[in-house]
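As you go down the protein sequences, you meet chains A, B and C in turn.
Counting from 1, one number per residue, gives the positions in the first sequence under my numbering.
Counting from 1, one number per residue, gives the positions in the second sequence under my numbering.
Counting from 1, one number per residue, gives the positions in the third sequence under my numbering.
Because the hints were derived from the structure by calculation, they are not lab data.
Misleading hints may appear alongside valid ones.
What the hints assert, rightly or not - Here are some chain B residues the structure puts well away from chain C; computed CB gaps all over 10 Å:
| hint | residue |
| --- | --- |
| 1 | 42 |
| 2 | 62 |
| 3 | 85 |
Unchecked claim - Derived, one-sided and incomplete: chain C residues facing chain A with beta-carbon distance under 10 Å:
| hint | residue |
| --- | --- |
| 4 | 28 |
| 5 | 47 |
| 6 | 135 |
| 7 | 155 |
Beta carbons are placed, not taken as given, at the ideal position from N, Cα and C, and that holds for glycine.
These are the residues of each chain, in order.
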Amino acid sequence: MILTGPDIAFEQARGRLTLQPFSGDRVQPNSYDLTLGPTLAYYTGDVLDTRAENPHREIEIPAEGFVLRPDRIYLGSSVEEIGSNHYVPIIRARSGAARLGVFVHVTADLIDIGSVGQCTFQLRAVEPVRVYAGDRLAQVTFWGVQGDIVLYDGKYQGSRGPQPSRIHQDAAAQVTA
Amino acid sequence: MILTGPDIAFEQARGRLTLQPFSGDRVQPNSYDLTLGPTLAYYTGDVLDTRAENPHREIEIPAEGFVLRPDRIYLGSSVEEIGSNHYVPIIRARSGAARLGVFVHVTADLIDIGSVGQCTFQLRAVEPVRVYAGDRLAQVTFWGVQGDIVLYDGKYQGSRGPQPSRIHQDAAAQVTA
Amino acid sequence: MILTGPDIAFEQARGRLTLQPFSGDRVQPNSYDLTLGPTLAYYTGDVLDTRAENPHREIEIPAEGFVLRPDRIYLGSSVEEIGSNHYVPIIRARSGAARLGVFVHVTADLIDIGSVGQCTFQLRAVEPVRVYAGDRLAQVTFWGVQGDIVLYDGKYQGSRGPQPSRIHQDAAAQVTA
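With the rest of the complex left out, here is chain A (with noise of 0.2 Å):
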């Protein structure tokens, strides 16, 4: 079951998830609007390698906004802290950001069940999209779960800004083990 929006407010005010900071007209029927954060992380390498470290670069979005080139995925992250213990988030654009072809994650909109950090964006625009610090880009879903729980205990917790991939790390992981 997803959560209404009265029960994201409810949930959150008894310290069952967090949303960090709330706003109460952040809530909306079914989900709480999540803004991007100040900086993004790209990639400078010409080919990416799952097995590889990819060298990043960060910049910060100035006053007169950013344009995201359709060639690039872009990493930013949101404004919020966002998790729960009890509840699965999973996130999502706002309407208004993927009717301009804005795609605010790359098919990973799930967060652990125990992580608790700002979230992450994989943005990727269809055509060149100016966008600026504090756009209400995505939202989050509060999810109901079957089964016991075991909290995530992994290498993306407590995340602040863009965190770039580290899946070189499982390959790395496999053969030393």
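Guided by the hints, dock chains B and C onto chain A, whose structure is given.
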């Protein structure tokens, strides 16, 4: 919980969700098929902007079909009116469309509870793809909720045809608030 | 409700869902990791068409990996056979793949209840990315249902390896109906 196909048909029959027109052969094991309406919209500017109105143009899909260009975001709509005051609709591509590289949304898949209208598709093709009005590109699933329900009463209510982004109204609202 | 990792393992052990081969270290807090099989398929035509058969070619990923081109949709498959007669599987990318700009589906993430087989990935890379057979690119989640269950009995049942789109069979079915 996600409704099964038989439950979608049952809830439609007793008026707890809207699927109009409804046809029993569109019911799938956990979803209902949606067809592409005759009108597409696309933006005419070179750089889109989350804080400006973005001019757009509408076209009718001719009988011989229309080729989606990979560098453009198209807005389409479902023939069907969909919605529910009791369940949350979430849209996705049918497998056959996705296997041709046609996205039917750009990470905005959730329809607010209480919103009723033709669904706006955010269409993006990885390679050029010819599509036709009436293609069964998408499907809608319905999800149970936890908590008190406050129905949607927002800016896209009662949509007919593809609706361009109104995200720039967020910024205007903040400036004047 | 979404199954927790412990419940995925429990339901797998008592035969209520298929994850084959199964390894306990692939269980995540709310999902199970899926690996990329050795075969990719892509279309050879310049313009794809929802109402025509679209010729395709298959390749084997070499040991040194294969670079996904951004202008092409690739079909891959999971090594694992997955499915359930009791829960609805939904796939998504692992975070590490998505943060490199690799989509593992093109908005078709839901697997019909009763469908069992290797899962077809719809792969699309925002930038060129080298991938390898065995990469843990994706994950599957399982969701509880409401209503009577009618099991899937469709055209992709028992899939092995990447399966190209058969959407053109819809149109043929309508013409002859």
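Problem - Hints that the structure is at odds with (numbers, increasing) - result: As far as the earlier hints go, 5 and 7 are violated by this structure, in ascending order.
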